[in-house]
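Enquirer: Sequence:
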Amino acid sequence: MLALGLMSGTSLDGVDAALVVTDGVAVERLGPSLTQPYPETLRTALRGVLGGVGPVEEVERAVTLFHAEVVARLLADNRLAAAEIDVVGFHGHTILHRPAERRTWQIGDGALLAKLTGIPVVDDFRSADVAAGGQGAPLVPVFHAALAAGLPRPLAVLNLGGVGNVTWIGEDDSLLAFDTGPGNALLDDWALAHTGRPVDEGGALARTGRVDAGAVAAFLRHPYFARVPPKSLDRDDFRKTAAALVAGLGAADGAATLTAFTAKAAGLARAHFPKPAAGWLVCGGGRHNPAVMTALAAEFNVPVAPVEAVGWDGDALEAQAFAYLAVRSLRGLPLTFPETTGTPRPLSGGRFHR
Numbered sequence: 022m023l024a025l026g027l028m029s030g031t032s033l034d035g036v037d038a039a040l041v042v043t044d045g046v047a048v049e050r051l052g053p054s055l056t057q058p059y060p061e062t063l064r065t066a067l068r069g070v071l072g073g074v075g076p077v078e079e080v081e082r083a084v085t086l087f088h089a090e091v092v093a094r095l096l097a098d099n100r101l102a103a104a105e106i107d108v109v110g111f112h113g114h115t116i117l118h119r120p121a122e123r124r125t126w127q128i129g130d131g132a133l134l135a136k137l138t139g140i141p142v143v144d145d146f147r148s149a150d151v152a153a154g155g156q157g158a159p160l161v162p163v164f165h166a167a168l169a170a171g172l173p174r175p176l177a178v179l180n181l182g183g184v185g186n187v188t189w190i191g192e193d194d195s196l197l198a199f200d201t202g203p204g205n206a207l208l209d210d211w212a213l214a215h216t217g218r219p220v221d222e223g224g225a226l227a228r229t230g231r232v233d234a235g236a237v238a239a240f241l242r243h244p245y246f247a248r249v250p251p252k253s254l255d256r257d258d259f260r261k262t263a264a265a266l267v268a269g270l271g272a273a274d275g276a277a278t279l280t281a282f283t284a285k286a287a288g289l290a291r292a293h294f295p296k297p298a299a300g301w302l303v304c305g306g307g308r309h310n311p312a313v314m315t316a317l318a319a320e321f322n323v324p325v326a327p328v329e330a331v332g333w334d335g336d337a338l339e340a341q342a343f344a345y346l347a348v349r350s351l352r353g354l355p356l357t358f359p360e361t362t363g364t365p366r367p368l369s370g371g372r373f374h375r
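Using our numbering, read the sequence shown as starting at 22 and increasing by one per residue.
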């Protein structure tokens, strides 16, 4: 099937879209992709409904309309008609994730998107897993494993979006996955507050600062890191803890310290691996930040590289994953597993909209 995947990540930067040819097991071909940044007004509106507060229905409609525009642009750029696309995998945007309460909320109207695009849509990928007692995240590990066929194992794939998550892939294709801790969210929020820009571009702020080792040590005592996976996080789970620890720091030192939070949290993930990873591949927006990548390289004693080093497209990877997962959903294949989300059994998921 020719599937189109859409991803709006917790970093609030915009929508990624990508085309994939797949049967939901093997990846036959990765097609074109694009990223469309959110206009500042929509990004601000999205921030305003995090946690499930405010004018959620109004923002949900705006987010859906924006996704429809992204679909239209990807098709137009590649001279494709809607009829040529078999399915759209529509992640939506997570505004609340509380698996312990069996709650997860991704806004985005799949029925409206199907109507606007003229293409069948699969959305709501997480709810079935959470309802069954799983964490509902991460969802991408089964796609990582499909892409990693033929690469040396054990392999760790670290995704640094707003939240960090890791997929460990064993020699026998066994999987373990969980959220590692903060990704870019804390640093992005800090940069916005201190520079007026939504990211620490090029790690410029962090690279001129000094890490507060005491704050890092205190941060790593957070009980989340000792919990046995599977486990997952909401974008803002560490916000209050981190804010208290960096409150007295200057802009540069705070950025350096928050960067260290991300890298050190990823380092703690190794304690949960069945066997040490022979290498780490990094995807998500965090791999574009040289300060983050330098901190990760210092943390590990094995090779650390962006996923482009093995020919993957780190900007498109999560959108590609939801194209792949949409096809798996249509075929009734499992999206989540006991080892990736803690669900009691392998589970399919997603809702189909004609």
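These are calculated hints, taken from the structure and not from any lab test.
Heads up, a few of these hints could be off.
Said to hold, decoys possible - As a list, the in silico BS3-like pairs of lysine-lysine whose alpha-carbon atoms are at most 27 Å apart:
1. 285 to 252
2. 296 to 252
3. 296 to 261
4. 285 to 296
Enquirer: Are the hints correct? Go through all of them and say.
Expert: A quick look at each hint next to the structure:
1. Between the alpha carbons of residue 285 and residue 252 the distance comes to roughly 17 Å, so the proposed pair stays at or under 27 Å and holds.
2. The straight-line distance between the Cα atoms of residue 296 and residue 252 is roughly 19 Å, inside the 27 Å bound, and the hint therefore holds.
3. With a CA separation close to 33 Å, the supplied pair residue 296 and residue 261 exceeds the 27 Å bound.
4. A hinted pair counts as satisfied when its Cα atoms are at most 27 Å apart, and residue 285 with residue 296 qualifies at roughly 19 Å.
In this structure, only the earlier hint numbered 3 is contradicted, and the remaining ones agree with it.
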